[in-house]
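K.L.:
Sequence:
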Amino acid sequence: SDHMENIYGYLMKYTNLVTGWQYRFFVLNNDAGLLEYFVNEQSRHLKPRGTLQLAGAVISPSDEDSHTFTVNAASGEQYKLRATDAKERQHWVSRLQICTQHHTEAIGKNNPPLKSRSFSLASQGSANSPGAQRRPSQNAVSFFSVGHHRLPTGKRVPIMQPDHLVDVREMMSQAEGQQRDLIRSIECLPASGHLTSLDQDLLMLKATSMATMNCLNDCFHILQLQHASQQKGSLPAGTTISWLEPKISLANHFKNGAAQNFPAEINKPASVKEQSIAEPCQLTREPEEINPDEELEDICEDKEDDLGAVEEQRSVILHLLSQLKLGMDLTRVVLPTFILEKRSLLEMYADFMSHPDLFIAITNGGSPEERMIRFVEYYLTSFHEGRKGAIAKKPYNPIIGETFHCSWRMPKSDVATEAGTNSSAHSPSEQATLPKDPEGQAELDYYTVKFVAEQVSHHPPVSGFYAECVERKMCVNAHVWTKSKFLGMSIGVTMVGEGVLHLLEHGEEYTFSLPCAYARSILTVPWVELGGKVNINCAKTGYSASINFHTKPFYGGKLHRVTGEVKQNMTNTVVCRVQGEWNSVLEFTYSNGETKYVDLTKLSVTRKRVRPLEKQGPFESRRLWQHVTESLRDGDIDKATEHKRALEERQRNEERLRAETETPWCTKYFLKDGDGWVYHKPLWKTVSATQTQQTDSN
Numbered sequence: 001s002d003h004m005e006n007i008y009g010y011l012m013k014y015t016n017l018v019t020g021w022q023y024r025f026f027v028l029n030n031d032a033g034l035l036e037y038f039v040n041e042q043s044r045h046l047k048p049r050g051t052l053q054l055a056g057a058v059i060s061p062s063d064e065d066s067h068t069f070t071v072n073a074a075s076g077e078q079y080k081l082r083a084t085d086a087k088e089r090q091h092w093v094s095r096l097q098i099c100t101q102h103h104t105e106a107i108g109k110n111n112p113p114l115k116s117r118s119f120s121l122a123s124q125g126s127a128n129s130p131g132a133q134r135r136p137s138q139n140a141v142s143f144f145s146v147g148h149h150r151l152p153t154g155k156r157v158p159i160m161q162p163d164h165l166v167d168v169r170e171m172m173s174q175a176e177g178q179q180r181d182l183i184r185s186i187e188c189l190p191a192s193g194h195l196t197s198l199d200q201d202l203l204m205l206k207a208t209s210m211a212t213m214n215c216l217n218d219c220f221h222i223l224q225l226q227h228a229s230q231q232k233g234s235l236p237a238g239t240t241i242s243w244l245e246p247k248i249s250l251a252n253h254f255k256n257g258a259a260q261n262f263p264a265e266i267n268k269p270a271s272v273k274e275q276s277i278a279e280p281c282q283l284t285r286e287p288e289e290i291n292p293d294e295e296l297e298d299i300c301e302d303k304e305d306d307l308g309a310v311e312e313q314r315s316v317i318l319h320l321l322s323q324l325k326l327g328m329d330l331t332r333v334v335l336p337t338f339i340l341e342k343r344s345l346l347e348m349y350a351d352f353m354s355h356p357d358l359f360i361a362i363t364n365g366g367s368p369e370e371r372m373i374r375f376v377e378y379y380l381t382s383f384h385e386g387r388k389g390a391i392a393k394k395p396y397n398p399i400i401g402e403t404f405h406c407s408w409r410m411p412k413s414d415v416a417t418e419a420g421t422n423s424s425a426h427s428p429s430e431q432a433t434l435p436k437d438p439e440g441q442a443e444l445d446y447y448t449v450k451f452v453a454e455q456v457s458h459h460p461p462v463s464g465f466y467a468e469c470v471e472r473k474m475c476v477n478a479h480v481w482t483k484s485k486f487l488g489m490s491i492g493v494t495m496v497g498e499g500v501l502h503l504l505e506h507g508e509e510y511t512f513s514l515p516c517a518y519a520r521s522i523l524t525v526p527w528v529e530l531g532g533k534v535n536i537n538c539a540k541t542g543y544s545a546s547i548n549f550h551t552k553p554f555y556g557g558k559l560h561r562v563t564g565e566v567k568q569n570m571t572n573t574v575v576c577r578v579q580g581e582w583n584s585v586l587e588f589t590y591s592n593g594e595t596k597y598v599d600l601t602k603l604s605v606t607r608k609r610v611r612p613l614e615k616q617g618p619f620e621s622r623r624l625w626q627h628v629t630e631s632l633r634d635g636d637i638d639k640a641t642e643h644k645r646a647l648e649e650r651q652r653n654e655e656r657l658r659a660e661t662e663t664p665w666c667t668k669y670f671l672k673d674g675d676g677w678v679y680h681k682p683l684w685k686t687v688s689a690t691q692t693q694q695t696d697s698n
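1 is the number of the first residue of the sequence shown in UniProt numbering; add one for each residue after it.
Hint data in this document are derived by calculation from the structure and do not stem from the laboratory.
Remember, predicted model here, so these are calculated numbers, not experimental data.
Incorrect hints may appear among the rest.
Unchecked claim - Think about it this way: if two alpha-carbon atoms lie no more than 30 Å apart in a straight line, the pair counts; the simulated BS3-like pairs of lysine-lysine are: (1) K394 <-> K80; (2) K87 <-> K483; (3) K668 <-> K450; (4) K540 <-> K596; (5) K450 <-> K206.
Let the hints inform the model, and build the full structure from the sequences given.
P.N.:
Put into structure tokens, the structure is as follows:
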């Protein structure tokens, strides 16, 4: 009872990427099972700013630090909170967990058993519902038809024989199939009416059935270990049997629920064996200067519109979902290979630069206002080409030390200038920096944009990327920490971090962030949408842009909608508004009444230039993932999985070796700078050094 007292106090609450952490006054109302918060203690008598129902919630201390924890409500809403120290966090976490357990158990006691309610899960809704098409009408009770065998009292349970284990495995496979049918039936219910998929009893049934199957699989694994030890002799003294993480190998899980075990070396292709015994990466890694003339125009065309593998492996997806909880961090979850794109996340960041003409045109704007508007136009057009097809698939998780290099060549005549004249007309000082051909005989008629990305951290997964156009004295530096969470029937990815665009000709810096991404309908035809608010700011000019990526509402509404405005902060004047779809048509309306339409489907895409595989280093993305990509193209999921596992195992072994020898990881191209990462030789330092040398010589 002492543990059930109401507690209150100040905690920091994470709002969003823009606002960040804010102090709020929190109250744990044990009687009502609510966590409420207010702006401050003085406003406690007013209506709470926010309230979470704790029944069915998950309270999770974060592994980011010793102060942070999350409260994930059954509704899907999440509070990310931070205490002043580890002791205070433990105090809040323990009280919240006690309150959550109390009210979760109360739901089960106060509600009638599910079997007392007469309804047929599969027959609810219209005849065209997926549930009605899949199976005949079944009563909810029929899902629990697995027999309960009572043991005779006073009799000792005999030791399990091998054939008994086979019988248990078959029974568990049947139970897993029934549990999957149950989940599908619940999810196929309509969203409104007498019985909905959001019914509190059904949500509780769904969660407990998942937990029960996980527990049974754990117990079965212990039986297998005990049987193996009996075959070889008793276990050594002090031996313990621990739970496995993950409890069942997801990537090897058959459609019927049985686990497939690959021998360590026998079934591996020769290339996998070579990778698995490769030398640990060298920690003294010198940056490599990539010659753009060695790069060739990319001819790779990997559209991700094939749904065949997803359809065939749906049982694996269901099994994966059964092991996840709402709000669960997916960073350390190994996802099945068939849902992967045929490219690394580092290359996906490069594909955001597929319109280098719009990127270079930013610095050609004749005024701070025009340059900000041009940056917004480039920013909004970058996401469309970053997606490879309509099907939502996941890029490879880069391994630590992985890099990706490419470049683009953009004819100068294709880049918009202030007055619409040929963009090769520059001032004498600008012409001094224009590139020459290899023999130095004539000025080149194209601009070159160079790009480099590196995976600088594994836990947390942080990528750094940098792009520059030396001729136009502009560059962009960014770092992104991808945080994935399970949201029920979708997966959310938060892109934590920021980027900075430097226009050195104007002395301007534009800071920006990235929107969240969501993979929706992961059990049917998965698709991607963007969501959240991002801001672009230029402190020197006082111009800023606010952009909202709108997620589709539950009823009605358009997909992929985006709105935004550019304003002058000093006068609070809106100089441009934008609306439309980030993957279709954008409409820009200017303060003078003019309107401009940008059709992203008709924008020309400049192919990136990449070095051939034989000239790439062993840790460059395409060479590193070469065998995985080839296997996916051939449709050989098992082989792709083996290659992927070999890479991940090598990374784990090297990480373990560094931990044992207390050897820090050394990055190759990016240096830690506060909370972010900066390219080791950015253009702003190079230009500054050149100008200093010219001044000294004069």
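K.L.:
None of the hints should be skipped; say for each whether it holds.
P.N.:
Verification of the hints:
{"no.": "1", "hint": "K394 <-> K80", "result": "holds, 25 Å"}
{"no.": "2", "hint": "K87 <-> K483", "result": "holds, 26 Å"}
{"no.": "3", "hint": "K668 <-> K450", "result": "holds, 17 Å"}
{"no.": "4", "hint": "K540 <-> K596", "result": "holds, 27 Å"}
{"no.": "5", "hint": "K450 <-> K206", "result": "violated, 50 Å"}
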